[in-house]
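Student: What follows is the residue order along each chain.
2 protein chains.
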Amino acid sequence: MHHPIAELITKADSAITHEDVDTLMSIYADDAVLVIKPGMNAVGKAKINKAFIAIAAYFEHSLNVTQAGMEVLESGDTALVLAKTIVKAANQPEIERKATYVFKHFARQGWLCVIDNSHGHDLLEPSA
Amino acid sequence: MHHPIAELITKADSAITHEDVDTLMSIYADDAVLVIKPGMNAVGKAKINKAFIAIAAYFEHSLNVTQAGMEVLESGDTALVLAKTIVKAANQPEIERKATYVFKHFARQGWLCVIDNSHGHDLLEPSA
Numbered sequence: 816m817h818h819p820i821a822e823l824i825t826k827a828d829s830a831i832t833h834e835d836v837d838t839l840m841s842i843y844a845d846d847a848v849l850v851i852k853p854g855m856n857a858v859g860k861a862k863i864n865k866a867f868i869a870i871a872a873y874f875e876h877s878l879n880v881t882q883a884g885m886e887v888l889e890s891g892d893t894a895l896v897l898a899k900t901i902v903k904a905a906n907q908p909e910i911e912r913k914a915t916y917v918f919k920h921f922a923r924q925g926w927l928c929v930i931d932n933s934h935g936h937d938l939l940e941p942s943a
Numbered sequence: 816m817h818h819p820i821a822e823l824i825t826k827a828d829s830a831i832t833h834e835d836v837d838t839l840m841s842i843y844a845d846d847a848v849l850v851i852k853p854g855m856n857a858v859g860k861a862k863i864n865k866a867f868i869a870i871a872a873y874f875e876h877s878l879n880v881t882q883a884g885m886e887v888l889e890s891g892d893t894a895l896v897l898a899k900t901i902v903k904a905a906n907q908p909e910i911e912r913k914a915t916y917v918f919k920h921f922a923r924q925g926w927l928c929v930i931d932n933s934h935g936h937d938l939l940e941p942s943a
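Those protein sequence lines, which keep their order, are chains A and B. The letter at position 3 of the first sequence is residue 818 when you use my numbering, and the numbering goes up by one with no holes. The letter at position 69 of the second sequence is residue 884 when you use my numbering, and the numbering goes up by one with no holes.
Treat each hint with caution, since some may be false.
It does not matter which identical chain is used: a pair holds within one copy or between any two.
[What the hints assert, rightly or not] Result set (SDA-like, lysine to any residue): computed pairs, CA atoms no more than 25 Å apart in a straight line:
{"no.": "1", "residue 1": "LYS852", "residue 2": "ARG923"}
{"no.": "2", "residue 1": "LYS899", "residue 2": "ALA866"}
{"no.": "3", "residue 1": "LYS913", "residue 2": "GLY854"}
{"no.": "4", "residue 1": "LYS862", "residue 2": "GLU889"}
{"no.": "5", "residue 1": "LYS862", "residue 2": "GLY891"}
{"no.": "6", "residue 1": "LYS852", "residue 2": "HIS818"}
{"no.": "7", "residue 1": "LYS865", "residue 2": "GLY854"}
{"no.": "8", "residue 1": "LYS852", "residue 2": "GLU875"}
Think of the hints as simulated: they come from the structure by calculation, not from any bench. Since the structure is predicted, the reported quantities are computational estimates derived from the model, not experimental observations.
Next comes chain A alone, as it looks inside the complex:
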C-alpha cells in the first residue's frame, strides 16, 4: 500500500519506537482524539503528547508498533484506515489490534490524524 497515509503511519510507528514525540505529534491535527484505552481518551495535541510519554513509561521504553495489514477508504478530504496493528513490548505479550484511524486532508499540512483508535471495536465491550 503506497498511500501517503500509509507512509505517515509508518513514520508514526517509527517515532513511537524511538520515542521521538515531536515527529509523532506532527502527524496529529490540533483537535485530534487518541483512544488511550477503552473509555479513556486524550483530546488535543497537548494531552496526546502527555499520553505518549506515559505510554512509553508504561511499556518500559520498549514499545514497538507495526502494521501487519492496512486498507484506506477515501472520500473527499476524509479517509478511514482499517489496520492490523501489532503491539510488542518487553513487559507484555504481543497483541494484535484491529485499529481504526481517521485522517483529514488540510490545505496547508496535508493529511493529519484526527481520530486514533487502535482499540477498534473493543470500545463496545462490556469491560470497557
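We have chain A; now place chain B onto it with these hints.
Tutor: Here is chain B on its own, set in the frame of chain A:
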C-alpha cells in the same frame, strides 16, 4: 446513545427496511463511499442509490438492519462510529458485523455519512 449521528443511523436502518431510498440517500454526502462487500465499493450518491436497489433485491426485499451497540468518537467536523450491526434477511442466516462509519459535519446539512463500511476489518481478510 443520544448523539445526533446515532439518530441518523437509526433513520437509515428504518429506511433500509422500508426500502425508502430517498430518505436513505439524504444521509449520504455527495462523494460518499459505500463498501458493498470487501473489494467492491460504490462511490458517489448515484452509485450508492443503485447499490441499495440491488442489495434490496439480493436479500429478497426482507433486509432488516439494526445496531446492537454503538460508540461515536468526534474530532471537530469529523466523527468515527464503531457499531455492532445486526443484518437479518429471510434468505440468509443472521450476521453480526463490526461496522465502521465516518460522518462529516457540513455547515448547511449537518452530519452526513462520508464512508459506510459495515464490513469493518473484513476488508483485510485474504478472501477479500
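Student: If a hint holds in the structure, say so; if it does not, say that too.
Tutor: Status of the hints after comparison with the structure:
no.	hint	verdict
1	LYS852 x ARG923	neither (31 Å within a copy, 35 Å between copies)
2	LYS899 x ALA866	within (22 Å within a copy, 28 Å between copies)
3	LYS913 x GLY854	both (17 Å within a copy, 18 Å between copies)
4	LYS862 x GLU889	between (28 Å within a copy, 16 Å between copies)
5	LYS862 x GLY891	between (28 Å within a copy, 16 Å between copies)
6	LYS852 x HIS818	between (27 Å within a copy, 21 Å between copies)
7	LYS865 x GLY854	within (17 Å within a copy, 39 Å between copies)
8	LYS852 x GLU875	within (17 Å within a copy, 41 Å between copies)
The structure fails hint 1 only (numbered hints given earlier).
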